[in-house]
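Protein chains: 2
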Amino acid sequence: MENLPQYRKLYEVLRKRILTGVYQEGDLLPSENELSAVYEMTRPTVRHALETLVKDGLIFKKQGKGSIVRKPPQNIGILSIAGTASAVGVRYLKTDILQKPAVQAWPEDFPFELSELEQESGCIYMERLRYVEEEPVFYDINHLPNIYLPRIAQRSFENKSLFEILRQNYQIEIIGGEQKLKAVKPTVKIGQLLHLKPGQPVLYMERKLTTNKENFHIYSTIYFNSEKHAIFGTF
Amino acid sequence: MENLPQYRKLYEVLRKRILTGVYQEGDLLPSENELSAVYEMTRPTVRHALETLVKDGLIFKKQGKGSIVRKPPQNIGILSIAGTASAVGVRYLKTDILQKPAVQAWPEDFPFELSELEQESGCIYMERLRYVEEEPVFYDINHLPNIYLPRIAQRSFENKSLFEILRQNYQIEIIGGEQKLKAVKPTVKIGQLLHLKPGQPVLYMERKLTTNKENFHIYSTIYFNSEKHAIFGTF
DNA sequence: TTTTATAACTTGTATTTACAAGTTGTGTTG
DNA sequence: CAACACAACTTGTAAATACAAGTTATAAAA
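As you go down the protein sequences, you meet chains D and V in turn. Our numbering puts the first sequence at residues 1 to 235. Our numbering puts the second sequence at residues 1 to 235.
In case anyone wonders, no lab produced these hints; they're calculated from the structure. One thing to keep in mind: the hints can contain errors.
For chains that are exact copies, the list does not tell them apart, and a pair is met inside one copy or across any two.
[Claimed, not checked] Simulated crosslink set (BS3-like; lysine-lysine; CA at most 30 Å straight-line): (1) 208 to 9; (2) 16 to 61; (3) 180 to 9; (4) 65 to 16; (5) 100 to 55; (6) 62 to 180; (7) 100 to 228; (8) 213 to 100; (9) 62 to 208; (10) 185 to 197; (11) 185 to 62; (12) 208 to 100; (13) 180 to 197; (14) 100 to 185; (15) 185 to 228; (16) 62 to 213; (17) 65 to 213; (18) 65 to 208; (19) 100 to 189; (20) 228 to 189; (21) 16 to 189; (22) 100 to 16.
Hey, can you work out the whole structure from these sequences and the hints?
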């Protein structure tokens with residue numbers, strides 16, 4: 001944990017402070033010179049850390065002014081990089097685990113192509129139903145390869161983002177991905193799960209997320225009730 | 001045009017070579033040392049240019065290996081930055097202009113907040129219907145402020161991306177944006193335009209794109225028939 | 001009072017240098 | 001022939017330094 005490169009350590013410090021609200025929207029971060037003095041690194045190294053934060057959308061920079069903290073929901077959401085938790089701009093999103101993480105074989109009709117390593121190692125499967133203001137909004141089905149994840153089946157996922165757990169406990173970061181989006185008529189099951197009104201369509205998403213671990217991808221199928229909420233994203 | 005920073009010049013050169021196919025998918029770019037020798041700049045400067053290409057998704061890097069060109073469609077599509085033209089993975093997308101670019105006042109019920117400058121200058125309005133394989137798929141309504149755009153109403157938009165025209169003729173680049181997505185039941189008008197089957201929902205998008213010109217945003221409302229196609233995006 | 005100039009900040013660009021770490025091909029050694 | 005070691009590449013991290021360019025507050029001048 002502590003043999004991270006210097007720029008990365010500063011990045012983690014600043015990231016935490018932004019996410020926990022020490023620095024709030026619109027605040028200026030300490031200047032690059034200040035940071036380099038305080039954390040005893042050169043300005044290029046500080047800049048490297050700040051560039052990473054810019055890439056994350058956590059800050060933006062203005063020449064002559066400083067590094068400015070962006071609004072907290074970030075909404076890097078479902079459309080660019082993070083998990084569903086930040087996608088609707090609501091931080092407290094209750095989660096029901098319909099199917100706890102369990103090891104099984106990959107489905108026959110799996111819509112994505114799998115590498116050999118992924119194929120061999122089997123998959124971890126989980127289903128979740130996520131609520132906004134007591135109403136079910138997201139239903140998601142997730143498949144991940146059963147590698148790098150000791151004891152994942154024992155972990156509690158209640159009210160924690162899958163992505164946070166992967167990040168904190170397994171040092172797995174999402175670095176990219178692809179997705180397909182459609183508007184579809186829900187099946188009866190989906191309609192019941194999401195408490196859909198008759199005739200209400202759902203937003204359907206298929207996603208493949210790439211991580212910093214080779215051969216480790218996260219596959220998700222998501223159904224979203226867009227009657228009262230919309231998927232919001234910045235890029 | 002020629003007083004760009006050095007790293008930017010190299011970026012433009014490499015970008016063009018990738019987009020025109022001089023470097024193809026999977027190709028290795030010249031090494032950082034080669035580039036710094038050939039273009040007479042230091043390696044940090046070369047790296048700055050390459051980082052920009054990585055951010056664009058045009059290349060990715062692998063330590064010990066090199067900088068590798070990514071697959072050409074990029075699919076930065078509708079979900080991250082470009083226009084609708086690259087979103088379905090189909091390059092030839094026929095376009096009907098239902099409403100030629102015309103100057104008018106901003107609508108009363110415009111869903112986005114406008115700056116004073118935008119408010120004053122009036123807006124350019126256009127509607128398009130875009131086809132994939134002879135079937136209507138996209139219906140989009142666009143509003144842009146009437147600044148920086150001399151003679152835009154006279155230009156032909158047939159089979160050209162609005163974004164290409166803005167980039168080539170007005171040096172306007174999209175640098176970010178936000179969007180909202182929903183699955184909705186179509187109105188009768190939308191149903192007719194997109195040749196929807198009864199009961200077929202549509203994907204609805206509201207987008208606000210930010211450009212390199214201050215106060216110049218592009219506002220789009222998009223209806224997408226996702227029966228046969230899906231919106232595809234990488235990030 | 002209003003305007004203008006300036007100084008003191010900020011980030012942006014660029015050079016030079018050094019070593020670490022991952023990849024690959026080419027040897028040598030068993 | 002196969003396995004290993006190594007050299008020669010690649011990108012990654014980091015230092016120290018310099019000046020350009022944009023922003024802002026302050027002080028001087030109109």
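Now for the hints, and whether the structure bears them out:
1. Proximity of residue 208 to residue 9 under the C-alpha cut-off of 30 Å is restricted to the intra-copy arrangement: shortest distance 28 Å within a copy versus 34 Å between copies.
2. Taking the shortest Cα distances, residue 16 and residue 61 sit within 30 Å of each other both inside one copy (18 Å) and across copies (27 Å).
3. Taking the shortest alpha-carbon separations for residue 180 and residue 9, neither the intra-copy value of 35 Å nor the inter-copy value of 34 Å comes in at or below 30 Å.
4. Only within a single protomer do residue 65 and residue 16 lie at most 30 Å apart by alpha-carbon distance; the minimum there is 23 Å, versus 33 Å between protomers.
5. Taking the closest pair of Cα atoms, residue 100 and residue 55 never come within 30 Å of each other, the shortest separation being 33 Å inside a single copy and 36 Å across copies.
6. In the homo-oligomer, the alpha carbons of residue 62 and residue 180 lie at most 30 Å apart only across protomers (27 Å), although the nearest pairing inside one protomer, at 34 Å, exceeds that limit.
7. For a Cα distance limit of 30 Å, the shortest separation of residue 100 from residue 228 inside one copy, 28 Å, qualifies, whereas the shortest one across copies, 34 Å, does not.
8. In this assembly of identical chains, the alpha carbons of residue 213 and residue 100 lie at most 30 Å apart only when taken from the same copy (23 Å versus 49 Å across copies).
9. Only between protomers do residue 62 and residue 208 lie at most 30 Å apart by alpha-carbon distance; the minimum there is 21 Å, versus 34 Å within a single protomer.
10. Taking CA atoms no more than 30 Å apart as the test, residue 185 paired with residue 197 passes in both settings, with 11 Å inside one copy and 12 Å between copies.
11. Taking CA atoms no more than 30 Å apart as the test, residue 185 paired with residue 62 passes in neither setting, with 45 Å inside one copy and 42 Å between copies.
12. In this assembly of identical chains, residue 208 and residue 100 lie within 30 Å of each other by CA distance solely inside one copy; the values are 20 Å within and 39 Å between copies.
13. When the C-alpha separation of residue 180 and residue 197 is checked against a cutoff of 30 Å, the pair qualifies both within a copy, at 24 Å, and between copies, at 21 Å.
14. For the homomeric pair residue 100 and residue 185, the shortest alpha-carbon distance inside one copy (27 Å) is at most 30 Å, but the shortest distance between copies (34 Å) is not.
15. Both within a single protomer and between protomers do residue 185 and residue 228 lie at most 30 Å apart by alpha-carbon distance, with minima of 17 Å and 14 Å respectively.
16. Within a single copy, residue 62 and residue 213 get their C-alpha atoms only as close as 34 Å, which misses the 30 Å cut-off; across copies the closest is 13 Å, which meets it.
17. In this assembly of identical chains, residue 65 and residue 213 lie within 30 Å of each other by CA distance solely across copies; the values are 17 Å between and 37 Å within a copy.
18. Only between protomers do residue 65 and residue 208 lie at most 30 Å apart by alpha-carbon distance; the minimum there is 25 Å, versus 38 Å within a single protomer.
19. In this assembly of identical chains, the alpha carbons of residue 100 and residue 189 lie at most 30 Å apart only when taken from the same copy (19 Å versus 45 Å across copies).
20. Taking the closest pair of Cα atoms, residue 228 and residue 189 come within 30 Å of each other both inside a single copy (20 Å) and across two copies (23 Å).
21. Within a single copy, residue 16 and residue 189 get their C-alpha atoms no closer than 40 Å, and across copies no closer than 49 Å, so neither meets the 30 Å cut-off.
22. In this homomeric assembly, residue 100 and residue 16 come within 30 Å of each other (Cα to Cα) only inside a single copy, at 29 Å, whereas the closest approach across copies is 49 Å.
Of the numbered hints stated above, those contradicted by the structure are hints 3, 5, 11 and 21, listed in ascending order.
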